[in-house]
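Q: Model the placement of chain D on the given structure of chain C, informed by the hints.
First to last, the protein sequences are chains C and D. Okay, so the first sequence: first residue is 1 according to our numbering, each after it adds one. Okay, so the second sequence: first residue is 1001 according to our numbering, each after it adds one.
Please keep in mind that the hints were generated in silico from the structure rather than gathered at the bench. We put the beta carbon where it would ideally sit given N, CA and C, even for glycine. It cannot be assumed that every hint is accurate.
Claimed, not checked - These stretches of chain D come out as covered by chain C in the derived footprint (C-beta under 8 Å, 3 or more residues):
(1) 1022-1028
(2) 1057-1068
(3) 1116-1126
(4) 1186-1199
(5) 1203-1210
(6) 1213-1226
(7) 1244-1254
Said to hold, decoys possible - Counterexamples of contact, computed for chain D against chain C with all Cβ distances above 12 Å:
(8) A1003
(9) K1082
(10) Y1110
(11) L1157
Here's the letter readout for the chains.
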Amino acid sequence: MSTDVGVWLQVICTIGVLTYLYKENWFWRIFEYAIVAGYTGYSLAYGYHNYIKPFIGEKMIKEGQWSFLIPLILGILLYARFVSGWGWLGRYAMAYMIGYGAGYTLGFDIKPLLGQIRASFISLTSINNIILWLFIVTSLAYFFFTVSKEAPAMKGLSTVGKWAVMIALGASFGNTILYRYNLLYPRMKLLFNTWLGLGG
Amino acid sequence: MRALVDLDRRWIFLVVFILLAIVVIWPLNLPVRVTPMTQGIYNYIENLPAGSVLWLGLDYGPSVAGELNPQLTAVVEHAFRKNLRIITYTMWQTQGTIGRNIIDKLLKEYKKEYGTDWVDLGFKPGGITNLRLMTSSLKEAAAGVDYQGKSLDEFPLTREVKALDKPYVAFIIDFPAGTPGAAEYLAIVTEVKGVPMGVGQIQMSVADSMQFVHSGQYKGMIPGLRGAAEYEKLIGKPGTAVRAMDGQTLAAGFVGLLIVLGNVIYFSTRGR
Chain C
1 MSTDVGVWLQ VICTIGVLTY LYKENWFWRI FEYAIVAGYT GYSLAYGYHN
51 YIKPFIGEKM IKEGQWSFLI PLILGILLYA RFVSGWGWLG RYAMAYMIGY
101 GAGYTLGFDI KPLLGQIRAS FISLTSINNI ILWLFIVTSL AYFFFTVSKE
151 APAMKGLSTV GKWAVMIALG ASFGNTILYR YNLLYPRMKL LFNTWLGLGG
Chain D
1001 MRALVDLDRR WIFLVVFILL AIVVIWPLNL PVRVTPMTQG IYNYIENLPA
1051 GSVLWLGLDY GPSVAGELNP QLTAVVEHAF RKNLRIITYT MWQTQGTIGR
1101 NIIDKLLKEY KKEYGTDWVD LGFKPGGITN LRLMTSSLKE AAAGVDYQGK
1151 SLDEFPLTRE VKALDKPYVA FIIDFPAGTP GAAEYLAIVT EVKGVPMGVG
1201 QIQMSVADSM QFVHSGQYKG MIPGLRGAAE YEKLIGKPGT AVRAMDGQTL
1251 AAGFVGLLIV LGNVIYFSTR GR
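So here's chain C without its partners, still in its complex pose (with noise of 0.2 Å):
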């Protein structure tokens, strides 16, 4: 068995963690409380670290740059909604970053879909091909809504979208599980060969 105490504090957090597939209840609720706490704390000390200090305080103050000035003022009215009367100041920073969101939607969202066009574009010698090539005419059929699903050659098709829609997310599905299992084996790995020293 490990003598080392940050396997012991971590074996402490995962099983206090896992003790919630029992059932809720206070010792989980501690780390619960603790996860939050840290990031908090980590997300504050990390945004000092990495953002007000080299730009605000090397680039702006120390080199008199002071275009930064702009984004440190933006980012200031974002706390204005917890001043009484004075929330409205915080939209035009809130109206600064969706413009941009948008913007950025519009200029850069639009390419990795022309290559997924280009993609679908194929020769059907295959049955890969030809399968492919039916799910993304078919899929793209079953969300056509400015026609009836009731016309003859949309029931069939829609039909057929539908199921191809269905493996796709039995696919994701099955990934999901996959995911939750691959978090699962680190603790796994940590609670056994780690901590108590079995196999490995």
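A: Same frame as chain C, but now just chain D:
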């Protein structure tokens, strides 16, 4: 049948726990088959000339470290063997020292030097805005410093690499746990600047990324812990991920059995 319908789900948790405990203590060493997705990344790195710069986006935190750390370890090991140089950067503040500790260990093992063979830009705030700035000026986007606050001019590697762009960077691999991550690298860097990329994906996002592998927008993908096991096999150094495959196979088999059983119960009790 009634007992199975009313089965407390905690019994299922217990069985999964026991199954995993058994294989963690007594590994079965099940074989691992390499998929073309993982092979794609391996081949791309394998064919890069020595001295090329590999950009690694470490966009994940501790919650998925169990899955992405083995991927990162295998990729960095491969890169150092091929004498590639590495730049690391993260848009996730929760990345902390996770990736750095791994690369630091391998740096010593392969007798490489920080500043010449690897520079860690660390976390820089700004997400996609900053990533975009990286494509025009590394120095500006990184505030001129690496993770330690040391000037990028001090290091031979970052004196040479001016931006996340051709011809400075030969290949990008992003290890994302979500957004911002690989999708942003694809939209901002690969599609605009033409720098080829691959992705080391968490298992949950594998299905979403497959389309980009199929279209050739990603040169390859390392899919979850399974992908890490494949990469470990490719570099001839089976490690944590290969051992984890025993449990993953058993757990997936057990869940598959439950799904079949659930359907049988559903159809046999329907209408009663």
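Q: All hints, please: hold or fail.
A: Hint-by-hint comparison with the structure:
Here the region 1022-1028 of chain D counts 4 residues with a CB under 8 Å from a CB of chain C, which clears the bar of 3, and the coverage holds. Check result for the region 1057-1068 of chain D against chain C: holds, 5 residues qualifying (beta carbon to beta carbon below 8 Å, three or more required). Note: the region 1116-1126 of chain D has 4 residues with beta-carbon separation from chain C under 8 Å; the three-residue rule is met and the coverage holds. Coverage of the region 1186-1199 of chain D by chain C holds [criterion: at least 3 residues with CB-CB distance below 8 Å; count 5].
With 6 residues having a Cβ less than 8 Å from any Cβ of chain C, the region 1203-1210 of chain D passes the three-residue criterion, so the hint holds. Here the region 1213-1226 of chain D counts 7 residues with a CB under 8 Å from a CB of chain C, which clears the bar of 3, and the coverage holds. For the region 1244-1254 of chain D, the proposed coverage by chain C is satisfied: 5 residues have a C-beta within less than 8 Å of a C-beta in that chain, meeting the threshold of three. Every beta carbon of chain C lies more than 12 Å from that of A1003 (chain D), the smallest distance being close to 21 Å; the non-interface claim holds.
Here K1082 (chain D) stays apart from chain C, with its beta-carbon at least about 27 Å from theirs, past the 12 Å limit. With a cut of 12 Å on Cβ distances, Y1110 (chain D) stays outside the contact zone with chain C, its closest approach being about 25 Å. Distance check for L1157 (chain D) against chain C: the nearest CB is about 20 Å away, which clears 12 Å, and the non-interface claim stands.
Going down the numbered hints, you'll see the structure goes against none, and every one checks out.
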